[in-house]
Structure formats: structure tokens, C-alpha cells
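Residue numbers (the numbering used here): 289 to 726.
Quick caveat, the hints were computed from the structure, so don't treat them as lab data.
Glycine included, C-beta positions come from ideal geometry on N, C-alpha and C.
Treat each hint with caution, since some may be false.
What the hints assert, rightly or not - Restraint-style ranges between C-beta atoms, simulated for each label pair:
#1 S353 - S417: 26 to 32 Å
#2 D476 - E596: 36 to 42 Å
#3 Y555 - E444: 21 to 27 Å
#4 Q668 - Y532: 24 to 30 Å
#5 E577 - Q475: 29 to 35 Å
#6 G328 - A411: 54 to 60 Å
#7 R374 - K338: 17 to 23 Å
#8 R610 - E577: 16 to 22 Å
#9 A411 - S353: 31 to 37 Å
#10 P565 - I351: 48 to 54 Å
#11 Y532 - Y555: 44 to 50 Å
#12 K508 - K455: 17 to 23 Å
#13 K678 - N474: 17 to 23 Å
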Amino acid sequence: MEQIAGVDLIKELDVEYIKQNPEELVSIDACVHKIRSMSGFAFIILRTGKYLIQTIYEEGKCINSLDEIRIGSYITAKGYLRLDDRANLGFELSLESFKVLSQPVADYPLNVGHKKIGCGLEANLDNRSVALRNPREKAIFKIQEGVVSGFREFMEKQGFTQVHTPKIVAAGAEGGANIFKLDYFNQDAFLAQSPQFYKQTCVAFFDRVFEIAPVYRAEKHNTSRHLNEYIGLDFEMGYINSMYDIMKMEAAMLKYVIQYLSQHCKYYLEILDAKLPDIDTIPSITFIEALKLINNKDGKSKYDLEPEDEVVLCDYAKEHWRSEFLFITHFPSSKRPFYAMNDKEDSRFALSFDLLFRGLEITTGGQRIHDYHEQVEKMQEMGINPDDLKSYLSIHKYGMPPHGGLGIGLERFVMKLLDLQNVREASMFPRDVHRLEP
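Taking the hints into account, I'd like the entire structure generated from these sequences.
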């Protein structure tokens, strides 16, 4: 089999292939992950971008000396394939030779070769370039890749157009103080809190759009659920009848993503001992109903859900509806963004929803205002000067279909999907209130 530089060939070397091609000589580029020396031979575990491969080094059979390599050496290994049920992939490589491509100058500061890395979160993040060499740590981001791939595939099949919107903006979509300010050539500019304005703009000419991109929030939270930069999975769709069309689309998308992961990411799910949720119909309750379930009888003293409320509500949904997901709808309009449409039957509440998953809010979405006069009126009611958002209002001025959409926090979703304890574990290089490096 010809080796193509930089290409991981292990995906081709499955058990059936080896049965049909016994004792074939192959060449693999990999890193020395672990060395277990015995008397006269050694097990050398090689690490590729996807897999761990067991190789056998035997004195007299391999032309190289074992002293030429160490943990962290990058090599091109040549050897013969043979079946072995005890090996990680069901086969191993009997080494004939290897060529050293590069050598480390220091030992790893973490136990990368262990099944679990076995260090605290801060040590993990401080040594991120090493920690991510651990297969379990790395598998988190293969699952993240699977979520994004499944999301994109579903959106395209549903007729959505992928867009890429600016992250340096003139105004914050969400308002408030949680926005990063920039000096943009002697003008005030901000890092985008959301692609909201641009998503809505694109609905006017694409009908349905989605984006996978960074989102920035200048929140001084130091919790297990907050990041200051995260990846948003956003979509917006026109010609809707109600916000329930958005909720149905999200439920179908999540079902598709879970199926995608089960089909394409089985190897990594097994490494992580992850249990994927079953999705049939996602139950839905109103905000007021949610308050009653958490024993807030009058519903007057709360305008949003606390983290502990989300846990209680998800426990209730799992017990009574056998669902790990729960939609909460009709939040107080005063606590939702100015572009959220008010309920025509009761303007105290917005046609806006959250999706909770395993005790955590992962989605906020809803129906948007499409009428120009209605949008101006709500801005004024909320103390916003319409003149400050002329560019945004132009999409309403020149006509918009009824529309709505949502945003999902990728890291939060992956955190709960894999039962991680901190959202930073689901961020490759997290940015929080204390961390700008690595």
C-alpha cells in the first residue's frame, strides 16, 4: 500500500482488509504515545490524528534500536500487519524499521499516555498543547466536529444557506454592558454578541440561513457554564407561522445530529463512555408553568430561570416525559431582546423560548418582529433610540417575511452531551475572564 504524505491510512486498515491482505507491509506516520519495554521486545503505542495503534518491537527483527525513540518522538513506522484481538483496533503492526522525523527536547508535563489525563482543570488548560495529545481529551473535539458536521448537513438538506457574518460590528445585538468594545480606526466598534442582525437581513434574500461562528460576551462570570468566546450554531428562517416552527426545526436537527454521531463517531463515543440521548418529541411548557413546577406559585418574583431551576425542570421532564430536553416558552418580554415579537394575546410575554438539556440552557430562540412600525414601537418602549439602529431597521423598512431563529452554544451542548463538569473542557483553547493563553 502506497503511503501518501500526511494522510492517515488507518481508516483503510480495518480487520476485513487485513484478513484479505495478510502480512502486508505498510508505512504509517505517527507519534510515539507510550512505550512498554519487556525482555527482548516492547509494545510501542503510536498515536495518529485519529487512532492509537499497537506496534511490536522485537530485537533482531527491527533494524532500529529502541534507544532512538522516546515518548513524543514523531516517526514513520514500517511494518507488517497482523490480526490480534487484544490490540486496540483488532490488529497490530510488527515493526520492521522506523525513521525519526523529530524529537522532543523535554518530557511531557502531564500523563498523556494514561486513559484519563488525571490532572486538575487549570493544569490541563495551562498545558493545553500537551493535554490534547491524550486520546480522551482529543475525542471531545472529534465529537464537537461531529456535532458541527451533522448540524451543517441537516441545515443544507433543509434548504438553508450557510453565511459568514461580520464579527466587528457597530452595535450589539443584545444590548447591555456584556459587550467587548474596540477602537476601530478612531471609531467605537464592538465584537459581535450574536449574528442576529445579519441573520435577519439574510432571510430577506436567502429565506433560510445558518452560521457556525464565534460569539463574544463580556460577562464577568467565573462559573462552570460560561465562556467569553464560544461557537454559536445559529439559524434563521422565513415564512414561519409561529415560533413553534422554529422549535420543530430544532428538534428535527438535534435528532439528526444524534443519529449522525452514532453513525460517524462511535469510536470516540466509546473512548468517552458517552451515552447519547434519545429524541422523540421534545416537551414544551410556558415560563409561568415552569415557575409553578419549581414552586414559585405567583410567578411575580422571577423574570428568568436560575441554574438550579433548570436542573429541577430537566429532572421533571426526564421523570414525567422521559425526555432529557425541555422547551420553555413565553418568557417575560421585558427580559428578552427588543427584536423578540410579543405575544399578541398577552404582550407581557414574548414569543421566545429556551431549550434545556440535562439541566442546562443550550438554546435561546423565537419569533422576531418583521413589521417596521411594530419594531420601532418596541424599541421606544424599551428605551432604545431607533436612530441608533437605522441600518438594522432598513431590513424592516424594505420588507421582511415572518421569521424567527435561534442560537445554540456548541460548547454547552457538547459539555452536556459528554457529561463534562465544566464548559471549558469542551473548548479547545477557552477564553474566560481569567484566561487569554495559551
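Now for the hints, and whether the structure bears them out:
{"no.": "1", "hint": "S353 - S417: 26 to 32 Å", "in the structure": "29 Å, holds"}
{"no.": "2", "hint": "D476 - E596: 36 to 42 Å", "in the structure": "38 Å, holds"}
{"no.": "3", "hint": "Y555 - E444: 21 to 27 Å", "in the structure": "25 Å, holds"}
{"no.": "4", "hint": "Q668 - Y532: 24 to 30 Å", "in the structure": "29 Å, holds"}
{"no.": "5", "hint": "E577 - Q475: 29 to 35 Å", "in the structure": "46 Å, violated"}
{"no.": "6", "hint": "G328 - A411: 54 to 60 Å", "in the structure": "37 Å, violated"}
{"no.": "7", "hint": "R374 - K338: 17 to 23 Å", "in the structure": "20 Å, holds"}
{"no.": "8", "hint": "R610 - E577: 16 to 22 Å", "in the structure": "18 Å, holds"}
{"no.": "9", "hint": "A411 - S353: 31 to 37 Å", "in the structure": "34 Å, holds"}
{"no.": "10", "hint": "P565 - I351: 48 to 54 Å", "in the structure": "51 Å, holds"}
{"no.": "11", "hint": "Y532 - Y555: 44 to 50 Å", "in the structure": "37 Å, violated"}
{"no.": "12", "hint": "K508 - K455: 17 to 23 Å", "in the structure": "21 Å, holds"}
{"no.": "13", "hint": "K678 - N474: 17 to 23 Å", "in the structure": "21 Å, holds"}
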